[in-house]
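K.L.:
Following the hints, complete the assembly by docking chain B onto the known chain A.
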Amino acid sequence: MSRYFGRKLGIYALTFVVAVTLNWIIPRFMPGDPVLRMLTRTSVSNPEAIAPMRTYYESVFGLDVPLWRQYLNYWVELFQGNLGVSVWLFPAPVADVIVRAVPYTLALLLPSILLSWWAGNKVGALAARRKWLDNTALPVSYALTATPYMWLGILLAWGLGIVAGVFPVAGGYSFELRPQWSWTFVGSLAQHWFLPFLSLFMVAFGGWAIGMRNLIIYELEADYASYLAALGAPRRLIRRYAFRNALLPQLTGLALQLGVLVSGALVTEIVFAYPGLGHLILQAIQNQDFFLLQGIFLFIVIGVLAANFLIDIVYVLVDPRTRTGMQGAT
Amino acid sequence: MHRRSRWLVAGVLALTLGVAGCTGGDDGAATSGAGGLPGPAGGGGGAYPRNETLYTSGTQWGPPNSWNPIIPGYAMGTVGLAYETLFLFDPEKTEITPWLAEKGEWADKTYTLTLREGITWGDGKPLTADDVKYTAELGKIKAVPYSNLWTWLSAVDVVDPRTVKFTFSDPRIQEWENWLYENAIVPKHIWESRSEADITTTANDKPVGTGPYEYLTHDQDRMVWKKKADWWATKALNLDVKPNYIVDIVNSSNEVALGLLLQGNMDLSNNFLPGIANLVKGNFNIKTYYPDPPYMLSANTAMLIPNTTKAPMNDVAFRRALASSIDTKKIVEGVYGNIVRAANPTGLLPVWDQFVDQSVVSQNGFAFDTAKAKKALADAGYKDTNRDGFVEGKDGKAVKLSLIVPAGWTDWMEAARVISAGAQAAGINVVPEFPDAGALDDARTAGTFDLLINNWAGLSNTPWHYFNYVFQLPIQAQQFSANFARYESKPAWELVQKLARTPQDAPEFKATMAELERIHLTELPMIPLWYNGLWSQYNTTHWTNWPSSAADTPKDLPTTWNNLWEMGSIKMLTQLKPAAG
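In order, the protein sequence lines correspond to chains A and B. Heads up: the first sequence is residues 759 to 1088, going by the numbering used here. Heads up: the second sequence is residues 6 to 586, going by the numbering used here.
Rather than coming from a laboratory, the hints here were simulated on the basis of the structure. Glycine is no exception: its CB is placed at the ideal position from the N, C-alpha and C atoms. Among the clues, some could well be false.
Restraint-style ranges between C-beta atoms, simulated for each label pair [unchecked claim]:
(1) B:Lys247 - A:Ile1071: 57 to 67 Å
(2) B:Ala376 - A:Val921: 47 to 57 Å
(3) B:Lys145 - A:Gln949: 30 to 40 Å
(4) B:Ile480 - A:Leu821: 18 to 28 Å
(5) B:Val356 - A:Met788: 35 to 45 Å
(6) B:Gly394 - A:Leu821: 42 to 52 Å
(7) A:Leu772 - B:Pro77: 38 to 48 Å
Pulled out of the complex, with its shape left as it was, chain A reads as follows:
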């Protein structure tokens, strides 16, 4: 057991180092110069001021030392929780900017990932056994899973927001409110959260439902199912076994899908003007704010790695074969 997790942790640590390094390298190879961006912003009109201002901003952004030193500093500061200063939102520290946006993104991602996985599996399993449900749920699921996140988002915002006027189309909570502990405020949060959540949920839901339906059909045709049936086991029992077996690939799928879901959430946030990381990423790219970009990617990398690790643990819990395998290995 400990060897299994030790190996896993080692792999994750290595991935982390590589990801963080790439994260540091890629923005630096992007065309563009953050210092120039600042100088353009302040539109220096005094020619004599350009050189001193350049040196000054280089030191603010830590660009005045050799590259290897910048890389080392990056790691040191990373462990101190310091992600540098944003160029686009100068002089705000990147960590502050991200911390303010992260709760919104997490509040969208976690429920939509978990619920769509759960509901998709349930409905898919049902569909495998009910022809009429199969005939309705399957086409709907195919349509949903093929829908781009933002397109569904735009449809929902237009239909339920602009035309029906049931849901708001922008913001994290009503523009009339200040953050506080009250039912009005919580209600407003939920109201603004619902549509972006729904569009994420629906697209992911379709994918899981199709996957589960196909897996169940496959499992029900497996030898062990036929054997159980021949032994006269009740259909209910057979289905339960099939469902459990089918869940495992779906769990792996969840780990693989995390990245896609995160990017989906980012696009959805832009559509609904939801104040999460999505809008920040877009603007950071357009403004060549590579400190902010680094910070956000770092957050995503850590998030995806942590989620994968959790899924590894869950895998051990739900699949007895893994445990047996590990005992055999030790």
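P.N.:
What follows is chain B alone, placed relative to chain A:
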């Protein structure tokens, strides 16, 4: 059958419960995040009463992050609502009017400024001459944007607590007036403890100003200002800002702004909303400054900027041919649906019409005429030798020019396509390209482009600003704010400097202007295209008496854009009336 329906019901129930349960579960997560924000959580009430609150947008494109009036990029209203300037600029009378200052007088090379009595900072301390001196002297720090002030200002002296004397080495009247109304005064007693580096890097998150509003709260997607109990102008000028709260919504896209405006959840949108003409005509309670085309006031001039360091843009004949190949009318009507106006060939905004010398324009101006453009090219020796439909350079090499505008600026992208089509019809191979805004900034600053569109020649107190934008010398390796065409004309630059020193009412001012217009039109270092609008649309459901061209309505600039509050937009707030009911 019975069993099936039971399953279905169970499934649907599970789904609904799941969604509901998740709604509950999520709230915890989201609120705990929001609860951590430094909002005045205990500040009772919570909601802003609709009839006391003005909702605006169109200024901020990212989370509010700085309230430092010294460094550009501050939150909407930092200068204007919180910090104030010594003078305001009145675009109707085209003169500066006293604001924090009571008066200012020139005597040879000195300017004596008297402050109004009874102005206090948000913390109750009085505004004094020391604050003005301190603010001006901040310009000695190189990283402060107005540091070039000190190349022609030599000393600032406090005469008494209400009087400051500025002594100039080179009295540039026009440039000085520009400084007076564009820069906010900061309180010395709070700022003097900050180091040089702090002054230009602090977010200044507790702004203490003299203005009518104070910081209330902000979040990722909004900035909220609250009316101060007493504001000096209420007593001194009988002005009272009407909204008790101003909530400025951060733009994510113009579509979102349009949605909010239509729903009546936004009162003033300063976004570019294509097709707004239909909404103004329809029954949506949406109004603009003019009820008919062009609907909007003009805010700045969109210019086609050729890089005059490259061939063939270094040839004036080529630039003139290019200018007459552009169908500006098609841009105004087709791309903008008439919400902008075609620019005068001089490029001077309509407020400067009095200074446009019509005889110069009729002699040297340009107009859309493809045949004339072709002829001009042929006369200048540009021929299509390889018969691909496009002229070659004088060296015989093919000419292919890229016209860059920022990706996502849909109106400019369309305009670039119109320009390219016009130029190609005349035989000039212009190809539109759409890089990121940042990459475009770099190309413009470093001078690595062929053609681009820029509109930084905006509304200001003096046409000097415009010609400074066109002709500024010397050319640097990096051009940050002016003369992106990198055009060297020493005579023009001398005239621009002369303009800076001439009072606007002097007869030479007009003569100098006419001479500059002549040089601009004959040499055409930049090609004026159209006047971009001061995008502004209001929903009259909750607030009325918006500025408009109609009689007996306010004439202030209806905008929340930074740098325009000090052009009198602040007065718009004193004129608004809550809708009855």
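K.L.:
Next step is simple, just say for each hint if it's right about the structure.
P.N.:
A quick look at each hint next to the structure:
no., hint, in the structure
1, B:Lys247 - A:Ile1071: 57 to 67 Å, "holds (59 Å)"
2, B:Ala376 - A:Val921: 47 to 57 Å, "holds (50 Å)"
3, B:Lys145 - A:Gln949: 30 to 40 Å, "violated (52 Å)"
4, B:Ile480 - A:Leu821: 18 to 28 Å, "holds (26 Å)"
5, B:Val356 - A:Met788: 35 to 45 Å, "holds (41 Å)"
6, B:Gly394 - A:Leu821: 42 to 52 Å, "holds (47 Å)"
7, A:Leu772 - B:Pro77: 38 to 48 Å, "holds (44 Å)"
Comparing the model with each earlier hint shows a violation of hint 3 alone; every other hint is respected.
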